[in-house]
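Start from the sequences, fold in the hints, and give me the full structure.
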Amino acid sequence: MILDGERLLDLADLVLENLEDWREELAIAEPSRGGSWITLTTGSRGGTSRPVESFVMRRDDLEATLRAVERRLKRMNPHLRKVYRAVWRNPLGDKRLVIAERIGCHEKTLARDIRRIRSMVAGTLANLGPGRLRGLLGA
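Heads up: the sequence shown begins at 3 in my numbering, then just goes up one per residue.
These are computed hints drawn from the structure, not numbers from a lab. Backbone N, C-alpha and C fix where the C-beta goes; we use that ideal spot for every residue, glycine too. Please note that the accuracy of each hint is not assured.
[Stated by the list, open to error] Label-pair distances were calculated between CB atoms; the ranges are:
#1 Lys110 to Asp62: 37 to 47 Å
#2 Glu65 to Lys110: 35 to 45 Å
#3 Arg9 to Ala113: 19 to 29 Å
Printed below as a string of structure tokens:
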């Protein structure tokens with residue numbers, strides 16, 4: 003699987019749109035009690051044919067992806083974090099013009115900041131590599 007720049011930006015959009023929901027789904031799929039964790043070892047081939055192993059590996063890949071993206075979002079400067087919260091964690095579904103006014107910047111500045119956030123997240127996904135993105139891609 004080859005991930006070009008446009009595909010990575012699409013994946014970045016997908017992650018940014020669904021980050022909070024996926025985090026909740028993972029919490030439901032894996033309770034916090036230590037005894038409930040499913041652990042497995044993989045053979046030398048690294049592949050798996052069992053459904054439970056496949057689920058656990060995909061869940062682990064998705065967890066690692068979300069953790070990396072969340073770390074990247076936390077390292078952004080305060081203005082970009084504010085833009086992220088206003089655009090992607092927007093329960094009201096406000097239009098970009100309303101968001102720009104609320105943040106106190108021009109609509110073109112908001113569009114530029116959104117592109118910067120998308121490319122930062124795409125870079126984080128590229129650093130993870132296609133092996134870790136299996137959980138995200140469902141492959």
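Results of checking the hints against the structure:
Between Lys110 and Asp62 the beta carbons are some 40 Å apart, a value that agrees with the proposed interval 37 to 47 Å. Separation of Glu65 from Lys110 is about 36 Å and conforms to the stated range, judged on CB atoms against 35 to 45 Å. The given range of 19 to 29 Å is respected by Arg9 and Ala113, whose C-beta atoms sit roughly 21 Å from each other.
Checked against the numbered hints given earlier, this structure breaks none of them.
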